[in-house]
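*Asks:* Just so you know, we're using this note's numbering here: the sequence shown kicks off at -6 and counts up by one.
Treat the hints loosely; a few may be bogus.
[To be verified] Computed beta-carbon distance windows for the label pairs:
1) Glu43 to Glu85: 28 to 34 Å
2) Glu112 to Leu56: 19 to 25 Å
3) Val54 to Ala102: 17 to 23 Å
4) Gln73 to Ala116: 17 to 23 Å
5) Ala150 to Leu82: 27 to 33 Å
6) Glu112 to Ser136: 27 to 33 Å
7) Asp18 to Gly72: 32 to 38 Å
8) Gly60 to Asp114: 19 to 25 Å
9) Ser143 to Ala24: 33 to 39 Å
10) Ser133 to Gly153: 16 to 22 Å
Calculated from the structure, these hints are not laboratory results.
Even glycine gets a Cβ: it sits at the ideal position worked out from N, Cα and C.
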Amino acid sequence: MNTNDTTADTNPTETEEPGFTIVRDFSAPRAQVWRAWTTPDVMARWFHPETLVTPRDSVSVDLREGGLYAYTMVIEETGQEFPVAGRYLRVEQPRRLDFTWGSPEEIDASPRVSIEFDEIDEATTRMTFSVTGIPNDSGSEASAYDGWNSAFRVLDAELGS
């Protein structure tokens, strides 16, 4: 699998929000990558960094603009839970998905995620994943950037299975 990780916006100007972008190519058709982002059964298998799990019963999706989603990541060894929720802001199947991403108590005040799914060919999809509202915190403890990169490795394995 060819993966390309790119970061951007590490030094935003005063008027720009902090954020980062990750670009990855997946050896899977665009429709399959879209389903991985929008189908609860599939999301539960990969919507977490490599060291966590997401129980299927914790995943809910109302895939429409204004609809809500939720999931809970769990450290299996300790049982510590990390609930996450958001609101879908833009749903353009199978090309684009925008949503808020954060604490269930702050759905509309959470960082925003924008994902574009570009068909490179019949069997390859380029995903451009951008987050605004949090900085590129790579290397820090509990890094969102590193967590998403880890989750994308799980997604890559999921798409190959």
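*Asks:* Identify every previously stated hint that the structure contradicts and give their numbers, smallest first.
*Replies:* 4, 8, 9 and 10
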